Structure formats: C-alpha cells, structure tokens
Amino acid sequence: MKVSGWIFMAASWLLIVGLFAFSMARTLSRTGARSQEEDSGEGNLPGS
Amino acid sequence: MQRERWGSRLGVILAVAGSAVGLGNFLRFPGQAVQNGGGAFMIPYLVAFLLLGLPLMWIEWTIGRFGGGFGHSTAPGIFHTMWNKARFIKYFGVIGIFGPIVIFTYYTYIESWLLGYSVFALTGRYEGCTDHAAMSEFLNGYRGLTSNQYFSSIGPAYLFFVVTFLVNVLVVGFGIRKGIERLCTWAMPALLVVAVILLARVFTLGRPDPSQPEHSVTAGLGFLWNPDWSKLWNAEAWARFQATPWSQPLKWAHLATALNGRVWLAAAGQMFFTLSVGIGVILTYASYLDRRNDVALSGLTAASANELAEVVLGGSIVIPAAFAFFGPALTLQASGSIFDLGFKTMPLVLDQLAFGRIFGFLWFGLLFVAGITSSISLAQPAIAFLEDEFNLKRREAATAFGVVTFLLCHLAIFGLGHGVVDELDFWGGTFCLVLFGAVETILFGWVFGMDRAWSELHTGADISIPRFYRWVIRYVTPVFLLAILTVYLIQDGLPLLRLQNVPPANRVPVLMTRIVLLLLFSVLSLLVWLAWRRRSEKTEVAA
Numbered sequence: 001m002k003v004s005g006w007i008f009m010a011a012s013w014l015l016i017v018g019l020f021a022f023s024m025a026r027t028l029s030r031t032g033a034r035s036q037e038e039d040s041g042e043g044n045l046p047g048s
Numbered sequence: 001m002q003r004e005r006w007g008s009r010l011g012v013i014l015a016v017a018g019s020a021v022g023l024g025n026f027l028r029f030p031g032q033a034v035q036n037g038g039g040a041f042m043i044p045y046l047v048a049f050l051l052l053g054l055p056l057m058w059i060e061w062t063i064g065r066f067g068g069g070f071g072h073s074t075a076p077g078i079f080h081t082m083w084n085k086a087r088f089i090k091y092f093g094v095i096g097i098f099g100p101i102v103i104f105t106y107y108t109y110i111e112s113w114l115l116g117y118s119v120f121a122l123t124g125r126y127e128g129c130t131d132h133a134a135m136s137e138f139l140n141g142y143r144g145l146t147s148n149q150y151f152s153s154i155g156p157a158y159l160f161f162v163v164t165f166l167v168n169v170l171v172v173g174f175g176i177r178k179g180i181e182r183l184c185t186w187a188m189p190a191l192l193v194v195a196v197i198l199l200a201r202v203f204t205l206g207r208p209d210p211s212q213p214e215h216s217v218t219a220g221l222g223f224l225w226n227p228d229w230s231k232l233w234n235a236e237a238w239a240r241f242q243a244t245p246w247s248q249p250l251k252w253a254h255l256a257t258a259l260n261g262r263v264w265l266a267a268a269g270q271m272f273f274t275l276s277v278g279i280g281v282i283l284t285y286a287s288y289l290d291r292r293n294d295v296a297l298s299g300l301t302a303a304s305a306n307e308l309a310e311v312v313l314g315g316s317i318v319i320p321a322a323f324a325f326f327g328p329a330l331t332l333q334a335s336g337s338i339f340d341l342g343f344k345t346m347p348l349v350l351d352q353l354a355f356g357r358i359f360g361f362l363w364f365g366l367l368f369v370a371g372i373t374s375s376i377s378l379a380q381p382a383i384a385f386l387e388d389e390f391n392l393k394r395r396e397a398a399t400a401f402g403v404v405t406f407l408l409c410h411l412a413i414f415g416l417g418h419g420v421v422d423e424l425d426f427w428g429g430t431f432c433l434v435l436f437g438a439v440e441t442i443l444f445g446w447v448f449g450m451d452r453a454w455s456e457l458h459t460g461a462d463i464s465i466p467r468f469y470r471w472v473i474r475y476v477t478p479v480f481l482l483a484i485l486t487v488y489l490i491q492d493g494l495p496l497l498r499l500q501n502v503p504p505a506n507r508v509p510v511l512m513t514r515i516v517l518l519l520l521f522s523v524l525s526l527l528v529w530l531a532w533r534r535r536s537e538k539t540e541v542a543a
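Listed in order, the protein sequences are those of chains V and Z. According to the numbering used here, the stretch in the first sequence is residues 1 to 48, in order. According to the numbering used here, the stretch in the second sequence is residues 1 to 543, in order.
Same shape as in the complex, but just chain Z:
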C-alpha cells in the first residue's frame, strides 16, 4: 500500500507544533504555575525543558522516521523494528496507541466547552455572571452537573460535543496531507496572531484599581518570575541528610526528600503534556518523513514554537490578567483546578475589557482551534495502526476510530461529576506518558545503541546537536524518568489501586472506568498479536 507523505517540511513542523500547542499551553500551564508557586515552578520547568523535553522530542522524531522506513507508523511496529529480538517489546508499544485514545475521549469533550464558550461570549450569554460563584454555577449548569437558571440540561454541551467530535473525525478522515496539514498551516499562525493581540491588551491593563496596588499586571508577572528557591529545597531534609552517616541507606532517602518532589513532578508532567511527548503522536507524524528529511532541526523548531506559545504567550495572558482584576488571593483560589482558571476566571476578566465580547470570542475560539490541532493528532496513531497493520483505507480506519471513541467519550461526558475524567487523565494523560517516555528513551539510548542513535538522529540533519546531549539522552533523561516513575509508585501506587483517594460515591464509576480501560488495552494488545500473526503468515507464504 502506498504510504502517505507530508506535502512540505513546514507542514509537518506546523502539524507537530499544532499537536503540542493546545489546552496545555493556555489552560493547564497557568493553572500548574499558580498551584505550584509561580517562580518556584518556573525553575524546574525550564530544567525539564532542557533535560527532558528537548531530548524526548529528538528521540521521538528520530525513531518515528526510522520506523516509517520499515512501513510502521505506530509504536508497536517501531519498537519491534528497533529491538526485533525481543518479542514482548511490541506490547509496550500498545501504550502509544492506548494513551492517545484515552486522552482523546475526554480532551474532545473539554475542547467542545471552548466552542460553546466562544459562542456564549459572542451572544453575551454569561454576561449576567459577575463573580466567581456565578461563573462556577454557569459552568456546572452547562456541564449538566446541576440544573439552574443558566442551563436546565446537558443538551447544549452535548450538541457542542457532537459538532466538535464530527470536526475531528472529518479532518482526520481527509488524510495527512489534505486534512491535518491544511488545518495546521493556517491555524497555527492565526492562533499566534490572536494570542499576541490578547497579550498586548493584557500588558496595557496596568493597574485597573489604583486603590489596590497589588492588583496589577506586574504583580502577576512577579508571581510567575520572581525566583523562589525556598519551595524547591527542604532545608530540614537537607540537614537530616548531612547528619546521617554515609553507611546508612536512609541517607539517600533524606537526599531524595530534600528536593520538593511535588513541584519537580508537576513541572516534568507539564513538559510531557505540553510537548505531546510520551504519547506516541510524534512517532506517527515523523514516520511519514523521508529518511533524508531532517529531524534534529524540525524537533527543535516544534519544541521552541510550543514553548513560545506556552511561556511567552500562555503564561503572560492568564496569570497577569487574573492578578490585575482579582489580586493574588482570588487568583490562587480560582486555580483549584485547571478548568477553574480558564472557564471561570477568564470570562470575567474578558468581560471587563473594552470589546469584551469580541475578546471573549477570540480567546475561546483560539483555544478551540489549538485544541482541534491537538486532538486530531491524538486520533492519528490508532488510525495509522489500522491502516498499516490491517490495510484499512483511511476513511474506513477513521470511521472505526470514530465509532469506538464516540462511545468511549460518553464515559467522560456522563461521568464527569463522578471523577471519571480525573481517572482517564491519570492513566491516559499522566502515567502512560511517563512510562512510554521511559521505555523509548531506554530503547533509544541503550538497546538501539548511542552511537547508532546519534548517527540516526543526525542523518539528513540541518543542525548539529551539541554533543553534551549524547550524555543527557543516555544517562540524564532515563534517570529523570525512572525517578518520576519510582516516586509515582511509592507515593501514589498503592493508594491509587485501592481507590483510597476516591470518594465512596465515585468508587463504582471509577472502577467501571478502569475495567473499560483494561478491556481497551486488552483489545489493542490482541490486535497487535493478530497483526504480527498476519505478517508471519504472509512471510511464510512468500517464502
């Protein structure tokens, strides 16, 4: 079967940047930064960008292109190609299809809220909400969690979801070049232009209420950028480390606790989510490249475009605007969850600007477009797997994907109030990312071999990556990832499996969600097994 190809090099970079730029930049990043101490968060965040984000970006571009050369676009085939002596490795690759499907099931629903809010902004539907409590009521009514004066049912939210879902499936169904590349080529620059307009407006807000000097844009910027080392370092644990003899193993435990793990974990997790690494999406996009195409510069371009959108634009719009209008206390209170900041605070902020309806429409419209470019990338691995391994045509594969995920999305829609979205986000959007990232880093640096990996990364490269990164990719990145996984297992593993942090009323829905996820993973593993059996049968017939 003729493999699809990218129409231009800029097209693939914009598509990968489009995959990375999304809700993570403009909703999750400000929320994470506020929750983790602003200036304290930015230090590990930038460290994670240099030691985790960039290396993983290069690794995924390289192994994606490598696997594409053997006709594989998804992780099972790519991992098998890299380590064909290990029959089990392709089943680790299932994570690279499972994770994106799980994220897709709740991501598209949240994305549809953005479409709804952009329409509500234009029609002035939430203008009657003048404080944080009213905005919460509005959002809960919209999501069908309560019936109130704003919404009597989940109907409008469901309608916007169906429209969003259809847009996603139609864009993906058109194929790599026709669909994704066309959307990303105009959407990414448009998105950046609108964000710059909003940034300029926020920076000229100054101090809206002169009687409250701490309610200012510079106070918001100060919160985000004043370096705060105290929250990164636990002085008591460091003192215990120094006092403990080297012969005692406990010494190392004290050293581990001397670093504030929560902030470092949050920063690393944000880096995975924002760059779309550890998901399997970049592997698939890069697999459509020619072996002679550069991946070193392309990976750097996509990563830096994402960071520009996140740090320079995302970080400078929401937090400074929220500080200017509400001050530090209410901003911290509003960041109870990432959605609070985006859906409850920003409409109030935008309403207080001149041309608030237009700005509101642009803001939520911008986020919707950013979400679309990300969610279409999430659909790509599953569709490419069906195309590659079962010879389905793109539209057949897109239809199969659409039917399955449409049913799965209902878990998120109707289980939102019962912790189902948090459950999906943990397995699909957190745990799988770190696990998948760790597997591919070890495969790349240790199994594939660093000399071969470095050579593969530089094949057709338009830049030469500093040799310092050879050492980072081989040692620092895997150690960083394994440390994160260990902390996950120690701190959250058992309580999570025992549903200890789940309220009793939510235990049945959460347990059902886990069963559905287990079934999904089993079915995908079975499909991988079938695909390889088909391959071996074909090889025998040919022989």
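Bound-form chain V, shown alone:
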C-alpha cells in the first residue's frame, strides 16, 4: 500500500468516524436533555 493510500484511507476514516462520533455524541446528549414529553411525539399537527 502506497503512502498516498494510507493518507486517503486515514482521511476518509477520520471524516466518517468523526461525523459518526460527533453526531452520535450530540444525539445522546440531546436525547438526555429533552424531556420525555417532547420525545413522545404528542401533538404532531401543522403549526403545533
């Protein structure tokens, strides 16, 4: 495997793992912060 291959692989993995880690961490922290009532999906009406 060439050096350019290692760099391309590392950059791609970094992008994907970074996006996943960021989004999952943010999701879990927001899920904890939001109340059960908000997540229950009550009131799904236009403009509600």
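It should be emphasised that the hints constitute simulated quantities derived from the structure, not laboratory data. Small disclaimer: the values here were computed from a predicted structure and weren't measured. Every residue, glycine too, gets a C-beta built ideally from N, C-alpha and C. It cannot be assumed that every hint is accurate.
Beta-carbon label-pair distances, calculated as ranges [what the hints assert, rightly or not]:
| no. | chain 1 | residue 1 | chain 2 | residue 2 | range |
| --- | --- | --- | --- | --- | --- |
| 1 | V | G18 | Z | L530 | 44 to 54 Å |
| 2 | V | R30 | Z | V193 | 19 to 29 Å |
| 3 | Z | T204 | V | G18 | 21 to 31 Å |
| 4 | Z | A86 | V | R30 | 32 to 42 Å |
| 5 | Z | T399 | V | W6 | 48 to 58 Å |
| 6 | V | W6 | Z | L526 | 31 to 41 Å |
Mind docking chain Z on chain V? Use the hints.
Chain Z alone, transformed into the frame defined by chain V:
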C-alpha cells in the same frame, strides 16, 4: 385515526440506520469497489456521499416529517402536500410505494440465502467445497438452478425463504414501536459488535502464504485506498474537448465523456442503495416524528452510522480477506456479481480461519439481521399507505401486503435463472431510486422554495447545517441526479426497452416481469386515485 409514534429519538435513528445498513454495506459495496477499480471507485464514492447522500438524507427526513404533520406517511400524500396545485404530482409519489415493493420481492429471497448459509456454516454443510468452482456449484444447487451432489431441489431454499418472509411480515405487523423499534434497538449495536470482531480477525491475518507477498491484507487495503485518478479521467476525450472550438456543441459532449461515467454512475448508484434514499422509506419513518423533533442531526447520524458500517467495516472485511487468501486475480474474478463475493468467496475465506464455523455463522447471521432491518423498512411505505388512506388497521394492512408480495416473490424465486432478479433490481432498485430522488430534490429546492425548505429543515434542529449546503441542495444535487438520468436514458434507455441485452431464452420471462410491474404500478396509481376521491367526498360531506 390515532397515528403511531416513535417511542424514543434513538429508536427512530437506529431504525433509519437499520434500514440503510444491510446487504448493500457488506455485499454490494465490496463488489462494486472491486468491479470499479478500488481506489478509483472510492474518490467519486466519497464525493457522492457529500454532494448526493447527505443532502438527500436531509431532504427526505424533512419532507417526511412535514407530510406527517398533515397525516401523510407516504410519498403520494407528502408530494401533494408540498405542491397541492399540481394534481399530477401525487402520481410521481406512487414510485415511493412501487419501488420498495419491487425491491422487497427479491431482497427477501436473497436475505433468506443468508439465513440458510448461517445454518450451513454451523453444520459444516459447505465444508466439502474447497475451491471457487465447488462453491459456485453449491450456491447454484441451493438456488435450484442445477441439481447436484449438494442439493437435489430448491426445497431448502424455499423453506428458508418462507421463514424469512414470515419473520418480516410478523415484525412489521407488530407496528412501528413494538416491532421495528424493538428489533433495531438491539440488532444494530449487536451487528456492529460482530463486525468489529470480524474486522479485528481479518486485520490480524497478515500474509497467510509468505511465498506470495501480494496475497496480504495490506494489498487488499492498498487496492481499495491507493487513489487512482487515471480511471476517473479519459485523457483522450479531454484532449478532444480542448481541440474543439467553443462554438461547436460537440465540445460539451467531449467534456461529458472526459469523465469516466461508468465509475461515477456506479458510485452514485451505490450511495442511493446504501443510504436507502430515493426509495420512500425514510419519508415514511420521518413522518412519525413530531414537528418539534430534530431532523438535521438525526439524518446526519443515520448517514454516518451507515458509512461507518460500509466503509470502515464492510470495506475492510471482505476485500482484504479475499486478497489475503486468494490474491488480486481471483478476487477480481470472484466479483463477477455482488453475490459471488459474499456467497462464494467468504465461506472459503471463513473456513480457513480458526473457529471457522463460528465465524461463518456470525458473518452470515450478521448479514441476515442487517437484511431484516432493511427489508422491514421496505414494507413500511405500502402498509402506511393502506393505513393512512384507507383506514386499514396495521395487521390488516400487513396481511394484505404479505399476500401480494408473497405471490410477487415467486417471480424472483423461480425466475432467478432467467434474468428476472436483474430486471426487478433495475426498475425497483436503480431507475426508480434516481427518478424519485430527482423529483423530491426539485420539489424541495424549487417548488417548496429554498428559504421555506431551509427553515423547515432547521425547525427543531439540534445542529446548524453549513450554509454551503443550501447551494448544494438547490443546484448541485438536482444537476447531479438529472445528469445520471440523462446518461441512463442515452446509454441504456433504448437497448433496455428493446430487450437488446437480454439473451433470447430470457426474453419471455423478462417481458412477463415487465408486464407484472406495469400492472403493479397501475394498480397502485388506481389506489391513489381512489384515495383522493374518498378524501374529496369526505370533504364535500363535511362541508
């Protein structure tokens, strides 16, 4: 009627990720990457992820939630809500029900092979197959294409199919929260854990045969990741472009051919298939969200979870393992079709590992679970349509869906050797995805209006999407999609309609398949027409 809701936010993300993570990640992606030059494929693939996959993910989450607010869970109603002045637009939405049904008819059959192979791995049924030819014989016997020493009939394959089909219908019949969410909440993390174990095992394979240095894990990784620009760019066409005066329209044709369209198309097609965008499934899942629920972060989470499974895990298991044991030549030969790599090569690879039976059972079991979470999502749009528009109860809708698709699945089961699955995959799994993606992108960015669309996307959002994507969603993604459609029509349109690429022996089954698909599309269009007539009658009575 009380609409069902997701039990938790993580549940819906896992369900969408479960829909996206499936056979595409662990079978189709390695096959596509090998067929399209490895490092040459990865460049357009990552470009397609950023410019096509992510925007479509956000578009579908947003318009799904928007339509859900008006009581619609499927594309006909959602499209009508977005552009109610255009009476025809709801019929474009039929694609969002038709496509998943068509994919479901062959996907569940292929999924059932995984269940069969996981059992065969555990019982050592294919251990007598020691080379690629024997594995091909085994697979063909199993699928009933030939009668041989391994299988005398299609009976075992049919039995595994019936079990798989029943599992699908039962899970969907339990409903959003009870069925899909419960399965995805444990299946997705379990799937990732097993894949990581396999990844660790593959990465420690090193060079199994020291006398053949090119048979190594790093050679496989090199094939996938060494950037290869030469296969993406046609130097001769570029020279013709430069030599042609600007006044000649042919100049632009030279520019179009300067890019290797086949590799770009393959990468874009893989992105649609793998993220489950353009199918109509995400619209339905997102329609069960509350308007205050985030869609921006959820879409990003589901897309990145899928890419983690595909690029980091899927790409690092099959190709490096195949290179380590068989070397480049046989790996390329084995990727004749996506199923060759998964069903013919991996059993041989896994058999050469310590605890091969366990690893084989885990590998095929993992793929089966991934397939189930995807196929149950494919059933969702049709069932939701019957629930929303005809007030059927979930179990009634699931039963109706089950009866119709069980009959349709027989096209794939008994027409496999006659090109029927390829035909179903083209219309349901390729053409419809791109067409549907193009329609919803134009609706979102141009009809709905970019300001309103951007505002809708950010309603309740937990992240702020870079403004660069406003421009991408409005211009780049639709142009990309229309270019793909144009290339399809120019390169494949007429030959496809004339059955030019179909062997004479397969023409009757393929033609019959097209007639069945046309009938299915007509029936679904008629149901949409009936549903809207019922709605207008109710409105008149209420008035």
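Results of checking the hints against the structure:
no.	hint	in the structure
1	V:G18 / Z:L530: 44 to 54 Å	holds (49 Å)
2	V:R30 / Z:V193: 19 to 29 Å	holds (24 Å)
3	Z:T204 / V:G18: 21 to 31 Å	holds (25 Å)
4	Z:A86 / V:R30: 32 to 42 Å	holds (37 Å)
5	Z:T399 / V:W6: 48 to 58 Å	holds (54 Å)
6	V:W6 / Z:L526: 31 to 41 Å	violated (57 Å)
Checked against the numbered hints listed earlier, the structure breaks hint 6 alone; every other hint is satisfied.
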